[in-house]
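Enquirer: Sequence:
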Amino acid sequence: YQRVRNAMQRLGADEDTLNNVYQEIQPNQLSVDREVTEENRYGQGSDRLAWFWRVNNGRNSHEDAWMDEFYRVNWLKAKARWQRWEEELSLVRHEMGWTVSWFKYKKEEWEQRLHKATKHGHQAYAQWQVLLWERFLLNAQNSFKDNMVIVT
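Taking the numbering used here, I'd label the letters of the sequence shown as residues 166 to 317.
Quick caveat, the hints were computed from the structure, so don't treat them as lab data. There could be a bad hint or two in this list.
DMTMM-like cross-link-like pairs, simulated, lysine to aspartate or glutamate; straight-line CA separation at most 20 Å [to be verified]:
#: 1; residue 1: K310; residue 2: E274
#: 2; residue 1: K242; residue 2: E260
#: 3; residue 1: K269; residue 2: E253
#: 4; residue 1: K244; residue 2: D233
Beta-carbon label-pair distances, calculated as ranges [as the list claims (entries may be wrong)]:
#: 5; residue 1: R246; residue 2: Y270; range: 34 to 44 Å
#: 6; residue 1: W250; residue 2: T283; range: 22 to 32 Å
#: 7; residue 1: W240; residue 2: E260; range: 22 to 32 Å
Beta carbons are placed, not taken as given, at the ideal position from N, Cα and C, and that holds for glycine.
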């Protein structure tokens, strides 16, 4: 491609065609599509198609149909990424609520043990556990207050 582009330039192709239609291909545009090998990798949202995938110079319906299929597949991949993100976001919000519920449960469990404890050492340890789980609970509630889903 680069040799043909250079030949077109030497033969006098206008700069507008060279810069807008037959751009130089950079090495970073020739990388393998990582969606194939790493479907759920971090940072997919910033992926962009290289410019040569967005140019449709097809002169007949067969080439146009191929490009239409390419765009359709690319759109479906983007839609699938978005749906995975939506699902992940929903799960994380539920996990926030579950975490708060777990901390509350543990605090209440240690409060019951505190009331049942007869020895001073057991009472002190149970009181320390109540305060510990209460601190976890308050921290989680403050951190997740606008994002969590509370399931009762």
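Enquirer: None of the hints should be skipped; say for each whether it holds.
Expert: Evaluation of the provided hints:
1. K310 <-> E274: violated, 23 Å
2. K242 <-> E260: Roughly 27 Å separates the two Cα atoms, so the pair is violated.
3. K269 <-> E253: violated, 24 Å
4. K244 <-> D233: Measuring from Cα to Cα gives roughly 16 Å; hence the hint holds.
5. R246 <-> Y270: 34 to 44 Å: holds, 36 Å
6. W250 <-> T283: 22 to 32 Å: violated, 53 Å
7. W240 <-> E260: 22 to 32 Å: 30 Å Cβ-Cβ, so the 22 to 32 Å window holds.
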